[in-house]
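S.K.: Given next are the chains, with one letter for each unit.
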Amino acid sequence: MHTLLLWWAGIFLNALILFRSLQTRTIGKYPIFYLYMACVLAAQITCYVVYLAHPAMYFYWYWVTEFVCLLVGYGIIIEIMEKCLAPYEGARKFAQSAGLILLGLVILFALILSLTKPAWSAIDTAADLERELRIVEALVLAMFMGVMFHYGIAIGKNMKGIIIGYGLFITTVIIGLAVLPLVGETAYAAYAVVQSCSYLTSLLFWTVALWSYHPNPVPEHSKELEADYEAVALKTRTALGTMLSYLAKAART
Amino acid sequence: MIQLIISILVGAGLLFLLYALARKGTKPEGGAQALIEARQALNELKHDLLPHEVVARIFAKDDLDYVLSAAPEDVVRLFLQQRKRIALSWVDRVRGQVVRLKRFHLGRSRSYARLRLRAEIALTMDFATLLFACRVLQILVFLRGPYAAPQMIGTTVGIVEKVCGVSEASLAFLDSTNTASLDGQSAGTVAGV
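If you read the protein sequences in the order shown, they are chains A and B.
For the first sequence, position 91 matches number 99 in my numbering, and the numbering has no gaps at all.
For the second sequence, position 141 matches number 153 in my numbering, and the numbering has no gaps at all.
By construction, these hints were calculated from the structure, which means they are not laboratory data.
Source: prediction; values computed, not measured.
Note that the Cβ used here is the ideal one computed from N, Cα and C, for glycine as well.
Some clues are possibly wrong.
[What the hints assert, rightly or not] Listed below are several chain B residues computed to face chain A (Cβ distance under 7 angstroms; list not exhaustive): (1) LEU16; (2) LEU27; (3) ALA34; (4) LEU118; (5) ARG122; (6) SER123.
Build out the structure end to end from the sequences listed, making use of the hints.
M.R.: In C-alpha cells:
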C-alpha cells in the first residue's frame, strides 16, 4: 500500500513538473532534464502496467527502464555542465580536461577491479552495473562541483535544484546498491521503498526549484582582463616558483 | 568490501558537496567586485601588513630582550601572550589577503578560452603551497610563540610581496612591460626581519 502511494505521488509530481515546464516554457531551457523527466514518467507508468498485467515480466522491464533512465541521466550531467560553464570558457576547458582524466582513471580502476572480482549472479550483475555507472556519474558531478567551487561560479535557482535533486538521488542509489548485497535478497523490497522515497524527495526539490524560470547569473566580463591572461599566468608561476624555493630554504634553516 | 567502502566514500563526498552547494549563494562572483577586492587586498598588504617597519616591530626580538631583562616574570608572560596574539592576527590577515588575490586570479582565468590545464594546475598548487606555508607559520607561532621562526616570517613576507607585485601588474590591465620587470626582482629582495 505504502509503495503504491509513493508510486502515485511520484507520478503526480513528475507530471506536475512536466506540466509546469510547458506552462513556463522552461522545457526549451533544460531539454535533456525534461527528457529525463518524461522517460521516468513513462517508466513509472509502464512498470505499473507491467506489474499488474505480467508480474513475471516486471523484473526485466524494471531493469530495462532503469538503464534507459540512467543513460538519459548522463545527459543531465552534460547539460548541467554545458549550461553552467557556457559563459566561462576557461573553466569549461578545465572541466573537460579533468573529466577526461577522471574517465581514464575510472576505466583503469574498473579494469583492475574486474580482474579481482569473484563469481557473479544475474541479479547482482545488473545491480552492480547500475551502481558502478552511478558511481561514475557521481564522480563526474562531484568533479564539476569542484570546478564550480574552485572558480567561484554562481548558478541560478533552477540549476541548483536540478543538481541537488539529482545528486541526492544518485547518492541514495549508490549507497543502497552497495549495502544491498550485504543484507541479502530479502532487503530488495525495503530498497525499493527507500529508492522511491529518495526519488520523491528529489521530485519535491525539482518542483520547488523549477516552478518558475531562474537563469544562471551572467558574469561580468572584461575583455582587457582576458587578453593577457597567458602572459600574467606565466609571470605569476615564475614568480611563485622562485618564492617557494626561498620558502623551502627558509623552512629548512 | 572495497566496493562498499568506495560507494560510501563517493556518496558521502557527494552529499558534502551538495550541502556546500545548497549553502552557496546565487550571486555572481568575480567581475568588478573581484577587482575592487583585489585592489583592497593589495592596499592592505602594501600599506598595513607588509611594510618592513610593521613586520619588524611585531616580531622585534629586542623588545623581548628588554622585557626579559627589566620586567618580572608575569609581565614577561603577558608580553609574550600579547605578542603571540598580534603575530597570529598578522599571519591570519596576510593569508586572508592572499586568498583574495587568488580569487582574483581564478576569476580571470575561468573566462580565458586558451587556458592550459597544466599551467592552471601548477598555479593552483603554487597558491596552495603559499597558503599552506602561511598555515604552518600560524601553527608555529601558536605552538612556539612569535619568535619561533623569524627566517620563515621574512621569507613569507618576501613571497607575498612578489605575489602583490604580480597581482598589481594584473590589475594595471596586464601591461606586459610592467610584468616583465618582476622577473628581475623576484630573486634578490627577500625581506629579513
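S.K.: A separate judgement is required for each hint: does it hold in the structure or not?
M.R.: Consistency of the hints with the structure:
1. LEU16: 5 angstroms, holds
2. LEU27: Cβ of LEU27(B) sits 5 angstroms from chain A, so the hint holds.
3. ALA34: Cβ of ALA34(B) sits 6 angstroms from chain A, so the hint holds.
4. LEU118: 5 angstroms, holds
5. ARG122: Since the shortest Cβ distance to chain A is 4 angstroms, the answer is holds.
6. SER123: 6 angstroms, holds
Consistency note: the structure conflicts with none of the earlier hints.
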